[in-house]
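So the protein lines, in turn, are chains A and B. Quick note: the first sequence uses numbering that gives the first Met the number 0, first residue 0, plus one each step. Quick note: the second sequence uses numbering that gives the first Met the number 0, first residue 0, plus one each step.
Hints may be right or wrong, so weigh each one.
It does not matter which identical chain is used: a pair holds within one copy or between any two.
[To be verified] Subject to a maximum C-alpha distance of 20 Å in a straight line, what follows is the list of computed SDA-like cross-link-like pairs (lysine to any residue): (1) K208 - E14; (2) K25 - T182; (3) K148 - I68; (4) K224 - I68; (5) K129 - D100; (6) K145 - T182; (7) K212 - N185; (8) K213 - N185.
FYI, nobody ran anything at the bench for these hints, they're computed from the structure.
2 protein chains.
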Amino acid sequence: MADIFDGQKLAKEKEEKLKAEIKKVKIKPKLVVVLVGDDPASRLYVELKKEAAERVGIDFELKKFKKSISQDSIIAYIQEKNGEKATSGIMVQLPLPKNFDEFKIRRSIHPFKDVDCLHPKNLGMLLLGKPTYYPAAVKAVLAIIKNLKGRKVVIVGASNLVGKPLAMVLSNLGATVTLCRSTTRNLAKHTKMADILVSATGKPGLIKKEMVKKGAVVIDVGETKGDVEEDVAQVASFLTPVPGGVGPVTVVSLLENVVKLSS
Amino acid sequence: MADIFDGQKLAKEKEEKLKAEIKKVKIKPKLVVVLVGDDPASRLYVELKKEAAERVGIDFELKKFKKSISQDSIIAYIQEKNGEKATSGIMVQLPLPKNFDEFKIRRSIHPFKDVDCLHPKNLGMLLLGKPTYYPAAVKAVLAIIKNLKGRKVVIVGASNLVGKPLAMVLSNLGATVTLCRSTTRNLAKHTKMADILVSATGKPGLIKKEMVKKGAVVIDVGETKGDVEEDVAQVASFLTPVPGGVGPVTVVSLLENVVKLSS
Numbered sequence: 000m001a002d003i004f005d006g007q008k009l010a011k012e013k014e015e016k017l018k019a020e021i022k023k024v025k026i027k028p029k030l031v032v033v034l035v036g037d038d039p040a041s042r043l044y045v046e047l048k049k050e051a052a053e054r055v056g057i058d059f060e061l062k063k064f065k066k067s068i069s070q071d072s073i074i075a076y077i078q079e080k081n082g083e084k085a086t087s088g089i090m091v092q093l094p095l096p097k098n099f100d101e102f103k104i105r106r107s108i109h110p111f112k113d114v115d116c117l118h119p120k121n122l123g124m125l126l127l128g129k130p131t132y133y134p135a136a137v138k139a140v141l142a143i144i145k146n147l148k149g150r151k152v153v154i155v156g157a158s159n160l161v162g163k164p165l166a167m168v169l170s171n172l173g174a175t176v177t178l179c180r181s182t183t184r185n186l187a188k189h190t191k192m193a194d195i196l197v198s199a200t201g202k203p204g205l206i207k208k209e210m211v212k213k214g215a216v217v218i219d220v221g222e223t224k225g226d227v228e229e230d231v232a233q234v235a236s237f238l239t240p241v242p243g244g245v246g247p248v249t250v251v252s253l254l255e256n257v258v259k260l261s262s
Numbered sequence: 000m001a002d003i004f005d006g007q008k009l010a011k012e013k014e015e016k017l018k019a020e021i022k023k024v025k026i027k028p029k030l031v032v033v034l035v036g037d038d039p040a041s042r043l044y045v046e047l048k049k050e051a052a053e054r055v056g057i058d059f060e061l062k063k064f065k066k067s068i069s070q071d072s073i074i075a076y077i078q079e080k081n082g083e084k085a086t087s088g089i090m091v092q093l094p095l096p097k098n099f100d101e102f103k104i105r106r107s108i109h110p111f112k113d114v115d116c117l118h119p120k121n122l123g124m125l126l127l128g129k130p131t132y133y134p135a136a137v138k139a140v141l142a143i144i145k146n147l148k149g150r151k152v153v154i155v156g157a158s159n160l161v162g163k164p165l166a167m168v169l170s171n172l173g174a175t176v177t178l179c180r181s182t183t184r185n186l187a188k189h190t191k192m193a194d195i196l197v198s199a200t201g202k203p204g205l206i207k208k209e210m211v212k213k214g215a216v217v218i219d220v221g222e223t224k225g226d227v228e229e230d231v232a233q234v235a236s237f238l239t240p241v242p243g244g245v246g247p248v249t250v251v252s253l254l255e256n257v258v259k260l261s262s
């Protein structure tokens, strides 16, 4: 049976460290979160960030917009916050309702306040192996898996927020990386080769026992319900559960980014 | 036996098109190339670019620096060219002698004049699937291989100039991509799975017949001597030779970038 990762525990430890660090700085860091519409999952994620921010001593400012707001109004708000000295980091909770141009809105966040690390410049630095910081989910994965050199990593899901930046970072750290996506044929053939299998698709039950090599490390970055079936624990040597795995570590990693950007 | 790709022919066709396009524009595009030291391969590559630029009607300005030059002097020169309206694109011939900070020098090229597409911002746009243009070698590979959706691509060599950006672009186009590097264990196991195998390491003879799946498309981006052994043609369905394969198409792709940046 696999070791089951305790994300709550690692998150707690990281929070304690961060709290101590924040106590030492003169100006309290501040995170601004933009939430558009009323997607229940998005509201939950924002709430989790808020609670964690309050626990560690980060000011948390939530700006809610109705779905009917104009795109320009959101961008104008972000630009105002870009110019506000007290704001250390800004993020837009994704996904946005479909009528918005996600790329354009995200890009309006100044690269120095881009706490999600989604600005082209920050992603480019990452690709070049010169990251100033990492997207929170990537940071969380790096906190969980070690010794990447020469290991075979298979990532399922090629998103801008997780899959693609993670592939670049793990390659820079010496891993052999395969990036699968919805167009991949015979997914199991690829996942079976993985020493480390990372799934980040948001498709519950996508990763089944028979798709995993005996002894593999399995990292589930799937949202809400997780991508990995429970009985994968019978073949994996290490497994991150959902909930209580990568999720809590991602939240505190985001807050670490806020502190980093504030200094 | 594999079809052998005729890079000279495709490059010629592309040059003719570009020449016609340049005739229509009012201001002649200009490429500035910075060459530091006297590496013979670098001098050859610069010469090939110069000849091609002259054939299509692009002004070519070569700035040679001695190895003993200070880094700041190179950056000052680049910054001068950044501000010069007549200059459409600037590139630094790589590799630089070891005493220079390649990243810092390259970064001094303004993203709007970054003809190699190596500025973090331009690489980030590429990762996000919003490329304004491509690194020349990536563009050349895209001109040669089509129908990427669902195909399994294995890239050997994870450089900033070819391997990593190519991996991102091909993934965005729907391919399943494996990125191998010098730390990869059992390289043949990976290369054997490829529908399309791209090698870009500069290690002559790295890719041998027994490492290639029957019927695979093999793209050799290895410099000077090529990475792929000749007898791979016996198993591949399509092969790009060195010289006369990807190389000439890369040169004209670079010139296409110059014209794109000038408009």
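To see whether the hints hold, each was checked on the structure:
1. In this homomeric assembly, K208 and E14 never come within 20 Å of each other (Cα to Cα): the closest approach is 33 Å inside a single copy and 53 Å across copies.
2. Taking CA atoms no more than 20 Å apart as the test, K25 paired with T182 passes in neither setting, with 50 Å inside one copy and 44 Å between copies.
3. For the homomeric pair K148 and I68, neither the shortest alpha-carbon distance inside one copy (47 Å) nor that between copies (37 Å) is at most 20 Å.
4. When the C-alpha separation of K224 and I68 is checked against a cutoff of 20 Å, the pair qualifies neither within a copy, at 30 Å, nor between copies, at 58 Å.
5. Proximity of K129 to D100 under the C-alpha cut-off of 20 Å is restricted to the inter-copy arrangement: shortest distance 13 Å between copies versus 28 Å within a copy.
6. For the homomeric pair K145 and T182, the shortest alpha-carbon distance between copies (15 Å) is at most 20 Å, but the shortest distance inside one copy (29 Å) is not.
7. In the homo-oligomer, the alpha carbons of K212 and N185 lie at most 20 Å apart both inside one protomer (15 Å) and across protomers (17 Å), since each shortest distance falls under that limit.
8. In the homo-oligomer, the alpha carbons of K213 and N185 lie at most 20 Å apart both inside one protomer (19 Å) and across protomers (19 Å), since each shortest distance falls under that limit.
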